[in-house]
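A.B. asks: Sequence:
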Amino acid sequence: MKFDAVLFDLDGTLLDTIGLWIRAYLHTLQNAGVHMDVEEFLLTTYTQNRHFEDVLAYYGLDPSRGNELRVKRDALYTQFLASEPLWMEGAEEVLRTTTKAYPTGIVTGSHLHYIEAIEKQIPLRTLVPVLVTCDEVKGRNKPHPDGLLLATRRLRVPPKQCLYVGDQSFDVEAAKAAGMTSCLYWNEYTPALAGQEADMNIESLGEISSLLGLH
Numbered sequence: 353m354k355f356d357a358v359l360f361d362l363d364g365t366l367l368d369t370i371g372l373w374i375r376a377y378l379h380t381l382q383n384a385g386v387h388m389d390v391e392e393f394l395l396t397t398y399t400q401n402r403h404f405e406d407v408l409a410y411y412g413l414d415p416s417r418g419n420e421l422r423v424k425r426d427a428l429y430t431q432f433l434a435s436e437p438l439w440m441e442g443a444e445e446v447l448r449t450t451t452k453a454y455p456t457g458i459v460t461g462s463h464l465h466y467i468e469a470i471e472k473q474i475p476l477r478t479l480v481p482v483l484v485t486c487d488e489v490k491g492r493n494k495p496h497p498d499g500l501l502l503a504t505r506r507l508r509v510p511p512k513q514c515l516y517v518g519d520q521s522f523d524v525e526a527a528k529a530a531g532m533t534s535c536l537y538w539n540e541y542t543p544a545l546a547g548q549e550a551d552m553n554i555e556s557l558g559e560i561s562s563l564l565g566l567h
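Everything in the sequence shown is counted per my numbering, starting at 353 for the first residue and increasing by one.
No lab work stands behind these hints: they were computed from the structure. Keep in mind that this is a model prediction, so the values were computed, not measured. Just so you know, even glycine gets a beta-carbon here, dropped at the ideal spot from N, CA and C. Careful, some of the hints might be misleading.
The list that follows gives simulated cross-link-like pairs (lysine to any residue, SDA-like), each with its CA atoms no further than 25 Å apart [claimed, not checked]:
1. K354 x K490
2. K490 x G418
3. K354 x E488
4. K490 x S416
5. K472 x W439
6. K452 x E441
7. K512 x I474
8. K354 x V509
9. K512 x E488
10. K472 x R422
11. K472 x T449
Quick list of simulated restraints, FRET-style, between CB atoms [to be verified]:
12. R417 x E445: 15 to 25 Å
13. A409 x K452: 18 to 28 Å
14. G531 x N383: 37 to 47 Å
15. E391 x V423: 24 to 34 Å
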């Protein structure tokens, strides 16, 4: 299938940041009196896009502490982002190759200040012409299609001619809501049933090059 543009998710697709996020989040929760393992966190919080307030309320704690914990988590997470290796296997090569052949963008649920921390290691915004953060969609993160549609407007391409690559169910849902072709990239944090609605499924980012005819 011919595409006019390619969009990528960031966390868990191009960058190996989900483990860092989990470490920062669980450490912050533990200090607040909530003890949750990685499996429970992924099932009940990460894949459901739940906020601190929801988690605190579920455990019978004061949800008004949500912002306090968010600040502490962010401080720890940005420290990790600025200092630890980040690229998923093969991601840098795939991204550079794709940008030479197609209009390319990144649509992420991350905040701009996370991107700024990452850029202490990787100059993301010099590698792609468009990078959309969650700050630009005012709370309508994936699975809402707003970020993907904003990226296509900036690239000046029709959504139906775009391929979107991500690693979570909400990436697939967002692509479908935007009218794009969805490609699910499987990693260790991808939910077991995430690929059922995806148009394509891959287990290696190198497969993107084959799909796009870049070999």
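A.B. asks: Now, for every hint given, state plainly whether the structure supports it.
C.D. replies: Here is how each hint holds up against the structure:
Between K354 and K490 the alpha-carbon distance is near 32 Å, which puts this suggested pair outside the 25 Å criterion. Note on K490 and G418: the hinted pairing holds, with a Cα-Cα distance of about 18 Å set against a maximum of 25 Å. A C-alpha spacing of about 29 Å is found between K354 and E488, which places the hinted pair above 25 Å, so the restraint is violated. A threshold of 25 Å between alpha carbons decides the hint, and for K490 with S416 the separation of about 21 Å falls inside it, so the pair holds.
Distance restraint check for K472 and W439: the Cα-Cα separation of roughly 13 Å lies within the 25 Å cut-off, and the hinted pair is therefore satisfied. Taking the CA atoms of K452 and E441, the gap is near 19 Å; set against the 25 Å cutoff, the hint holds. Taking the CA atoms of K512 and I474, the gap is near 30 Å; set against the 25 Å cutoff, the hint is violated. With a C-alpha separation of about 13 Å, the suggested pairing of K354 with V509 holds against the 25 Å cut-off.
Proposed proximity of K512 and E488 is supported: the alpha carbons are some 22 Å apart, at most 25 Å. In summary, the hint linking K472 to R422 is supported, as the alpha carbons are separated by about 22 Å, within the 25 Å threshold. Proximity of K472 to T449 is assessed by CA-CA distance (about 23 Å); at most 25 Å being required, the pair is judged to hold. Checked against the hint of 15 to 25 Å, the pair R417 and E445 fails, with Cβ atoms roughly 43 Å apart.
Judged by the Cβ atoms, the range 18 to 28 Å given for A409 and K452 is violated: they are separated by roughly 48 Å. A beta carbon spacing of about 43 Å between G531 and N383 agrees with the range 37 to 47 Å that was offered as a hint. Range check, E391 to V423: Cβ separation about 26 Å, and the 24 to 34 Å hint holds.
Against the hints set out earlier in the document, violations occur for numbers 1, 3, 7, 12 and 13.
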